[in-house]
Amino acid sequence: MGSTTTKAVLLSDGKLAGTHAMPTGVDLAAAADECLRVICRAAGVGPDRLAALVATGYGRDRVTGAARTVTEITCHARGARALVPSARVVVDVGGQDSKVIRLDDDGMVADFVMNDKCAAGTGRFLEVMAARLNVPLEEFGMRWRRAKEAARISSTCTVFAESEVISLLSRGVSPEPIIRGLCDAVADRLAGMVHRVGLGGGLVMTGGVSRNEGVRRSLEEKLFAPVTVPEGSQFAGAYGAALIAFELGEGAEMLPTFGRGCR
Amino acid sequence: MMHFGIPSRFWQMVGQAAGGAARQTATRGARWTVVRPEVLLRWKLAYKVASAALPLLEARGAKAYQVAAIRCVLSDFADAYLGRKPCIFTSAFVPTELVYGLGGVPFLPEAAAGLAAAFGLAARSLFACEALWYSPDLCSFHRAGLGGAASGLLPRPSAVIVTSHLCDGGKRSLLHISRLAGCPFYMLDVPYIPSDRATRWLASQIEHVAGDLARRVPGLSLEGLAQALHRSNEALAEYERVSALRRNVPAPWRGSEALNYVLLFLWSWGSPSLAPFYRALRLHLERTIATGDFPVRDERHRLLWLNLRPYYDTRVFKHLEGDRASSVAFEEYSFAYWPSLDPRDPFASLAEKMMSNFGWGPIERRLEALERLVDDYSVDGVVQFAQWGCRQSNGGAAIIARELRKKGIPFLNLDGDGVDARCGTEAQAITRLGAFIELLDARRGW
Ligand code: SF4
Numbered sequence: 027m028g029s030t031t032t033k034a035v036l037l038s039d040g041k042l043a044g045t046h047a048m049p050t051g052v053d054l055a056a057a058a059d060e061c062l063r064v065i066c067r068a069a070g071v072g073p074d075r076l077a078a079l080v081a082t083g084y085g086r087d088r089v090t091g092a093a094r095t096v097t098e099i100t101c102h103a104r105g106a107r108a109l110v111p112s113a114r115v116v117v118d119v120g121g122q123d124s125k126v127i128r129l130d131d132d133g134m135v136a137d138f139v140m141n142d143k144c145a146a147g148t149g150r151f152l153e154v155m156a157a158r159l160n161v162p163l164e165e166f167g168m169r170w171r172r173a174k175e176a177a178r179i180s181s182t183c184t185v186f187a188e189s190e191v192i193s194l195l196s197r198g199v200s201p202e203p204i205i206r207g208l209c210d211a212v213a214d215r216l217a218g219m220v221h222r223v224g225l226g227g228g229l230v231m232t233g234g235v236s237r238n239e240g241v242r243r244s245l246e247e248k249l250f251a252p253v254t255v256p257e258g259s260q261f262a263g264a265y266g267a268a269l270i271a272f273e274l275g276e277g278a279e280m281l282p283t284f285g286r287g288c289r
Numbered sequence: 036m037m038h039f040g041i042p043s044r045f046w047q048m049v050g051q052a053a054g055g056a057a058r059q060t061a062t063r064g065a066r067w068t069v070v071r072p073e074v075l076l077r078w079k080l081a082y083k084v085a086s087a088a089l090p091l092l093e094a095r096g097a098k099a100y101q102v103a104a105i106r107c108v109l110s111d112f113a114d115a116y117l118g119r120k121p122c123i124f125t126s127a128f129v130p131t132e133l134v135y136g137l138g139g140v141p142f143l144p145e146a147a148a149g150l151a152a153a154f155g156l157a158a159r160s161l162f163a164c165e166a167l168w169y170s171p172d173l174c175s176f177h178r179a180g181l182g183g184a185a186s187g188l189l190p191r192p193s194a195v196i197v198t199s200h201l202c203d204g205g206k207r208s209l210l211h212i213s214r215l216a217g218c219p220f221y222m223l224d225v226p227y228i229p230s231d232r233a234t235r236w237l238a239s240q241i242e243h244v245a246g247d248l249a250r251r252v253p254g255l256s257l258e259g260l261a262q263a264l265h266r267s268n269e270a271l272a273e274y275e276r277v278s279a280l281r282r283n284v285p286a287p288w289r290g291s292e293a294l295n296y297v298l299l300f301l302w303s304w305g306s307p308s309l310a311p312f313y314r315a316l317r318l319h320l321e322r323t324i325a326t327g328d329f330p331v332r333d334e335r336h337r338l339l340w341l342n343l344r345p346y347y348d349t350r351v352f353k354h355l356e357g358d359r360a361s362s363v364a365f366e367e368y369s370f371a372y373w374p375s376l377d378p379r380d381p382f383a384s385l386a387e388k389m390m391s392n393f394g395w396g397p398i399e400r401r402l403e404a405l406e407r408l409v410d411d412y413s414v415d416g417v418v419q420f421a422q423w424g425c426r427q428s429n430g431g432a433a434i435i436a437r438e439l440r441k442k443g444i445p446f447l448n449l450d451g452d453g454v455d456a457r458c459g460t461e462a463q464a465i466t467r468l469g470a471f472i473e474l475l476d477a478r479r480g481w
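Keeping their order, the protein sequence lines are chains W and H. Every letter in the first sequence is one number past the one before it in this note's numbering, and letter 119, counting from 1, is 145. Every letter in the second sequence is one number past the one before it in this note's numbering, and letter 105, counting from 1, is 140.
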């Protein structure tokens, strides 16, 4: 359960059987229920057939019937590793926070850092700027490519950066360099975090912002290293949770509490 | 309400009284000024009532050591607020034996800030400090201390003593407090590199400060100095037994509570109330170990905690000790690093105590101490509470993390704030601690 989007991943015999994403909204428990209902229906699985349910993300404690709650750090590590077996560093950028996770040779979390105290370097930062620029987030990648240079955004505080964007627009700067500047600002923060856990080995990006090509490319430029964004990267955390649930479900038979989330 | 290591019901009552009074003041005007916290703290009757209530607390289940701690705090607060003894403000690492020995009562604005946060009174002091143009990147322990002094919440100091070592905010904020109070200000300049000459130089400064205070502040004299050092040694002997008992696996004491008692650890060396408190605590720990009634059931992990903790109400420790069944086995700030003092040579002895602070000098000193604590307390992970604005503690985090990891000890840097709830996010702190425990679980194959 992310701050912006609630995602569900369903596994059957350890294989992907369905995914679903929807806005989290204000009622977290209801969003979790709805997400599970939809994914179960789409897969033609009765809620009572769920062998195990694991919840993760900022709303993880609001998921009814979860056999276990696991932090998004562990889940993203599991999910990213499963999606990209060579992954050693995972950069996860979600709606309200970002984290960088270093994995050991066995794919276990060896170290992690999270952004602190503000929305800089998160999806929320980009959302606010997209609204101010009146450019859909999906277009950021294309506009980034078109930009010949990056406008300088010196503040990483969302509120101050927004006023910088306004002043750039008022000076007649077109959206493309501003978008590139914004992606650079996010990538600056992320690169600092990557260096804190240590750059080395496969670098993988997950979370909603991983779909933003502009941020990915800015990050590659800052780190002088390729960043892999696997298919389904925005589901990596939910996928990791599902993998943990699969392990829990194995040998657990039908645990009586599971499936209550699909009322 | 967080209880600062003292029976929560007691603090709840006092806190509600103080907070309630403050609220009433805001809504009903000057009619209620008589019960504002700063007024309540200066009421003789309040201390009489609180002291009389102590046996009742014990009868209602409070532990003997908790009651002893309240007695310790009440006695010093009464001395300070009622003006029974000259009140000397000090920064956190000044040896308080000096103040007790001179016949004064020490008052540590930083520690009082933690107490104010526990009572829900810190916000007012923080605002008062901001009104003095202090930036929020000054450590909130100092901001709340300075704001408390400016707004009249703290007693009036007769003098201020600070040290140059470790905490940099203390020097400046306490200088400001001394100016507000119009009282003498002393700074003990602690040499960075230990040597006999450095210790002698520091000892001569302490001697000068003591002599000057005895001359300038009525009620102070050098007579009780040796006695204060004796009392400090007596407390240290008890404390070493407490520390040895805390090596027990599982932990016999909640670290979240131990972190509250850092207040006394910083404040009370040389006080007659400290040894009885540690004695009562030792007996409690011995009983806990004998009965097996450990506070964290089925302890999964043992952590070493660096720096302080949030003193306002927070779910962080409930999550750690309850949901995650992990103990804070020991705390950096609970480590008694100094040798026992020599009452025949008090100034040199106090200088040596200050110089032996493992947080001062090259980072290797702190590292060595932490590695020792990791071994002694069978710790499997280290958490650095990265207090917003605390340069002395946070500055070495990267090196400490790297060196501990080399030894296979995972390290977590947990951003937060001990006093100013606006500077930390509880949900993020819980996620980080949770992920750290999951990391420790994975290392054990759980
Ligand atoms: S937390 Fe750090 S800056 Fe704050 S009072 Fe303590 S030593 Fe000083």
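The set of hints was computed from the structure by calculation and includes no laboratory data. Hints may be right or wrong, so weigh each one.
Stated by the list, open to error - Some chain H residues well away from chain W (every beta-carbon gap over 10 Å; in silico):
| no. | residue |
| --- | --- |
| 1 | Arg250 |
| 2 | Phe300 |
| 3 | Arg314 |
| 4 | Leu318 |
| 5 | Ala462 |
| 6 | Leu474 |
| 7 | Arg478 |
Unchecked claim - As a list, the in silico SDA-like pairs of lysine to any residue whose alpha-carbon atoms are at most 25 Å apart:
| no. | chain 1 | residue 1 | chain 2 | residue 2 |
| --- | --- | --- | --- | --- |
| 8 | H | Lys441 | W | His221 |
| 9 | W | Lys248 | H | Ala433 |
| 10 | H | Lys442 | W | Gln122 |
| 11 | H | Lys353 | W | Asp130 |
| 12 | H | Lys442 | W | Asp130 |
As the structure is a computational prediction, the values presented were derived from the model and not from experiment. Even glycine gets a Cβ: it sits at the ideal position worked out from N, Cα and C.
### Message
For a quick check of understanding: which of the numbered hints are violated here, in increasing order?
### Response
The structure breaks hints 5, 6, 7, 10, 11; every other hint is satisfied.
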